[in-house]
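Asks: What follows is each chain in one-letter form.
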Amino acid sequence: MTSKQYTLTISHIFGADIAESVNAPLPPLPRVDGLLAAGAASIGLNSDQLLEVQQAATRIAAEVVDEEHRDFLIPCKPASAEAADAACARAFLEQIGRLWYRRPLGEAKLAELVDTAGSAADQLKDFYAGLSSVLEGMLISPEALYIVDVAEPDPQTPGEYRLDAYSLASRLSFFLWNAGPDEELLQAAERGELHTRKGLERSVERMLASARVEDGVRAFFDDMLGFNKFDSLAKDPLAYPAVTGATLADAREQTLRTIVDHLLNKQGDYRDLFTTRDTFMSMNLAVIYGVPTVNGWVPYEFPEDSPRAGLLTQVSFLAEHAHPVRSSPTLRGKALRELFLCQKVPPPPPNVDFSLLEDADASLRTARERLKVHASNPSCAGCHLITDPMGLALEHFDGAGHYRETERGAPLDTSGNLDGTAFEDVKGLGRVLHDHPGLPTCLVNRVYSYGIGGPLSMGQDREILAYFHELFEDADYKLPALLRDVALSRAFSQVRAGAAPAPAQPATTTVQVRGETPADAR
Amino acid sequence: MSKLSRRRVLKGMLNGSAVTVALPLLNCFLNDNGTALASGAPIPLRFGTWQWGLGMSEAIFVPKKTGPNFDLPAEIASLAPVQKHINLYTNYHVFKDAAPNLCHHTGWVILRSGIAPLNSSNKPGETIDVTISRKIGNATRFRMLSATATGDVRDSFSYENGNTVTTPEWSPIRFYQKLFGPEFQDPNAAGFKPDPRVMVRKSVLSGVLEETKALTKSVGAEDRQKLDQYFSGLRDLERRFDLQLQKPDPIEACKVMGTPEDVPQGLDADLVAKRHRLMTDMMLMAVACDQTRVFNMFYAAAFSGTTRPGYDKPHHTATHEEAVDEKLRCQPHVSWYTRRAMDEWAYYVQALAKIKEGDGTMLDNVFIYATTDQSFAKTHAIEGIPMFSAGRAQGRVKTGLHLSGGGTPGTRLGYTAMKLMGLDVASWGDQSNNTSKEIGEILA
Numbered sequence: 001m002t003s004k005q006y007t008l009t010i011s012h013i014f015g016a017d018i019a020e021s022v023n024a025p026l027p028p029l030p031r032v033d034g035l036l037a038a039g040a041a042s043i044g045l046n047s048d049q050l051l052e053v054q055q056a057a058t059r060i061a062a063e064v065v066d067e068e069h070r071d072f073l074i075p076c077k078p079a080s081a082e083a084a085d086a087a088c089a090r091a092f093l094e095q096i097g098r099l100w101y102r103r104p105l106g107e108a109k110l111a112e113l114v115d116t117a118g119s120a121a122d123q124l125k126d127f128y129a130g131l132s133s134v135l136e137g138m139l140i141s142p143e144a145l146y147i148v149d150v151a152e153p154d155p156q157t158p159g160e161y162r163l164d165a166y167s168l169a170s171r172l173s174f175f176l177w178n179a180g181p182d183e184e185l186l187q188a189a190e191r192g193e194l195h196t197r198k199g200l201e202r203s204v205e206r207m208l209a210s211a212r213v214e215d216g217v218r219a220f221f222d223d224m225l226g227f228n229k230f231d232s233l234a235k236d237p238l239a240y241p242a243v244t245g246a247t248l249a250d251a252r253e254q255t256l257r258t259i260v261d262h263l264l265n266k267q268g269d270y271r272d273l274f275t276t277r278d279t280f281m282s283m284n285l286a287v288i289y290g291v292p293t294v295n296g297w298v299p300y301e302f303p304e305d306s307p308r309a310g311l312l313t314q315v316s317f318l319a320e321h322a323h324p325v326r327s328s329p330t331l332r333g334k335a336l337r338e339l340f341l342c343q344k345v346p347p348p349p350p351n352v353d354f355s356l357l358e359d360a361d362a363s364l365r366t367a368r369e370r371l372k373v374h375a376s377n378p379s380c381a382g383c384h385l386i387t388d389p390m391g392l393a394l395e396h397f398d399g400a401g402h403y404r405e406t407e408r409g410a411p412l413d414t415s416g417n418l419d420g421t422a423f424e425d426v427k428g429l430g431r432v433l434h435d436h437p438g439l440p441t442c443l444v445n446r447v448y449s450y451g452i453g454g455p456l457s458m459g460q461d462r463e464i465l466a467y468f469h470e471l472f473e474d475a476d477y478k479l480p481a482l483l484r485d486v487a488l489s490r491a492f493s494q495v496r497a498g499a500a501p502a503p504a505q506p507a508t509t510t511v512q513v514r515g516e517t518p519a520d521a522r
Numbered sequence: 523m524s525k526l527s528r529r530r531v532l533k534g535m536l537n538g539s540a541v542t543v544a545l546p547l548l549n550c551f552l553n554d555n556g557t558a559l560a561s562g563a564p565i566p567l568r569f570g571t572w573q574w575g576l577g578m579s580e581a582i583f584v585p586k587k588t589g590p591n592f593d594l595p596a597e598i599a600s601l602a603p604v605q606k607h608i609n610l611y612t613n614y615h616v617f618k619d620a621a622p623n624l625c626h627h628t629g630w631v632i633l634r635s636g637i638a639p640l641n642s643s644n645k646p647g648e649t650i651d652v653t654i655s656r657k658i659g660n661a662t663r664f665r666m667l668s669a670t671a672t673g674d675v676r677d678s679f680s681y682e683n684g685n686t687v688t689t690p691e692w693s694p695i696r697f698y699q700k701l702f703g704p705e706f707q708d709p710n711a712a713g714f715k716p717d718p719r720v721m722v723r724k725s726v727l728s729g730v731l732e733e734t735k736a737l738t739k740s741v742g743a744e745d746r747q748k749l750d751q752y753f754s755g756l757r758d759l760e761r762r763f764d765l766q767l768q769k770p771d772p773i774e775a776c777k778v779m780g781t782p783e784d785v786p787q788g789l790d791a792d793l794v795a796k797r798h799r800l801m802t803d804m805m806l807m808a809v810a811c812d813q814t815r816v817f818n819m820f821y822a823a824a825f826s827g828t829t830r831p832g833y834d835k836p837h838h839t840a841t842h843e844e845a846v847d848e849k850l851r852c853q854p855h856v857s858w859y860t861r862r863a864m865d866e867w868a869y870y871v872q873a874l875a876k877i878k879e880g881d882g883t884m885l886d887n888v889f890i891y892a893t894t895d896q897s898f899a900k901t902h903a904i905e906g907i908p909m910f911s912a913g914r915a916q917g918r919v920k921t922g923l924h925l926s927g928g929g930t931p932g933t934r935l936g937y938t939a940m941k942l943m944g945l946d947v948a949s950w951g952d953q954s955n956n957t958s959k960e961i962g963e964i965l966a
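Here the protein sequences come in this chain order: G and Z.
For the first sequence, my numbering begins at 1 and goes up steadily by one.
For the second sequence, my numbering begins at 523 and goes up steadily by one.
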């Protein structure tokens, strides 16, 4: 699980107050092919990190059984609070265990846990302390912290393997809700419904209609947009005195609200996110945007003649991809290509001659003038020609995202072209990006990679991605349709070639640890 | 042992009088030189690392004189108060061999792992702190501690393998909670009563160990490795539970400070310094309280983004875009950043000097290894990458020296550190970075 998945899962099982009282103890993930989720499968935990997991477990378990929570979270009262009560312990552990392990515990395991809770209660002379000790153990179990994919032979295609029903329930749930399955989904798995087309459809529709899908969509875009950078992002207070940590947190939230509202509430076309004037405003952000507002988050529409339209002109994109003291056309252009078009911009060569960049010439007032040197130097031009023209279109916005008419008094030329299509200004860039064929393709690739929890293999996944892309186009680029198509596909519930069990293994079931996780520790 | 009998043993122990008794001290550990704690327990030897970003301005950093009483050029002038406690190592090299020179990555990875990385996300082998913690990190609550002054959890120079990167603490308040929160057992506390819940916890843990073992059997090789690592982590938890059941020996130097103030996000040099000082003080106090014997402090990231108020380029950008001032023989802003780093290195060494241990200070009982990512960052040069050490490693190391390596591998310093910490290693490092030669000049 990722940090956020851990927090959400704990929140669903034990309540938001308990989930929020501990820091998710899992380490940050490496970004692989544009997604932290794709790096989850490779990560390991060292012993000091495991200590953090254990400490979080201790705190959560203690809170679950404290006097404030026990009556809500434990479905029975023990005969005596100072001694073991096997029946009550069983009722609690069975219910919690299914949700936490994402599958039924099995009679042997349940009996063992009840037994351990009983001995501990007797020894500590406290039923609740006994229960909390067992819960602590469950909360550090690798079977729960790692998302374990259990495979079984696929009866429809002999020789191939599919996820077993509970693993499929977990995959669906982490994909659409960014948390473990609820009781209803586990029951659908138990009844074998997830392996029937109709049953699967029923569950997926229910999940897409649930309020939890907002968590899933937020988590996906937070990952895809590289928003983990906001965890440590800051701006120079001398250059941008109005930009505080709260402003930047709001910038992240503004974009996520815009996305959720446009894609889920309004069922909008994904591409319109790059041209829409609709967003949400907070008091902290109103200062940066220079608009009046009221307290709290309120819907806001930029006027037609505003230079702002679409995600590229929101403070989150402009501030995240800039330096602490100034804007950066190169970072912004690179981000546009990598985040939204899934292209890769190579890093600068180590032996590059930087002498041309030395900033002695104060007559160069704008970034366009300063960056000319890149375009005229062959060793720089290769990369800068693919990043700078797009980034320069955003130069009316400084390093924190404020609008500026000029830079050091010099007028700004924000025209350019993106992969052969010319534009006049930043709004034009938004429109060109909107119509770029790579834009929806990139989203499809990211959504699928995110759903299956690993990087894509162009050899293996080309056909299925093309198929999803066609469906996405037919659905007018609506995200819920894409989520539905991916979740219902056979590819989603199958075990990828190479991950199937070794032929020498006698068991008909195999286990593949897919992901672990934790994203950033904040 | 079956589950039933395990619980029976547990119950028997809890109902008995003494849960556990600390091992008696052996007289042979004590000596007449005061290298013992008030209780008579020996002061342990520890290993620390310190990291700064983006190297140096050679012309005003490297002293002209080698050996003792070396001159302190402008960029390291702030080291004057700690000069006698440190050694400076210049003209040592790291070798990329057939691998590419990876900007801001190759240098530190070689100095910390002994191996040249193959690409910018490659983290080969394991870092030296991890290796040393396997030897000396088993007796303390934390196998090792790491903290970064950058406020970014991703700024780490320590890893167990490419998939397991150490997560440094990035917030002073969180760090304080981790070190001195409710789980902290004050060695100087008046009473000690073993917590019966810890015994229960240990019993529950053995169930998790069995579960992990069973899961390990059903997975492929790559996942098995991860679960084996998890299993070792659980074993380590077991060891920590045992520690919690023992009364810690009193330690005179252990005096826990109050909760630190919060420091906002940001890389302004003053904020970074504030974070660095708060975290240094807490980390070294945790060392004094014997909570760990291996500790890493990261002052800056490899692509250091530290900013200077009123100047528009962060440290890394400045290294590439600022011209060298021929008269000053440096890039003035870049040198300002390096000087700030040296101020903090001096603070760190002074903080070690301030903690009294036995008749001396903590500096007598540590060896600190300080590294960076480039020598001259403007051109991504790694030749002559500078290093420092601090501390006398219980009389085994001479300090106050400037050593010139004559182009020999910089890994020699890491190798020397390993030998000082008692590791039985014939050599360290890969290909041209391989060495079996300590830096003999510093050995007493």
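Rather than coming from a laboratory, the hints here were simulated on the basis of the structure.
No residue lacks a Cβ here, since even glycine has one placed at the ideal position from N, Cα and C.
Each hint should be verified, as a subset may be incorrect.
Here are the in silico distance ranges between beta carbons for each label pair [said to hold, decoys possible]:
hint	chain 1	residue 1	chain 2	residue 2	range
1	Z	ARG656	G	ASP71	45 to 53 Å
2	G	ASP425	Z	LEU640	52 to 60 Å
3	Z	ARG851	G	PRO349	42 to 50 Å
4	Z	LEU850	G	ALA410	28 to 36 Å
Asks: Enumerate the violated hints, using their earlier numbering and listing them in ascending order.
Replies: 2 and 3
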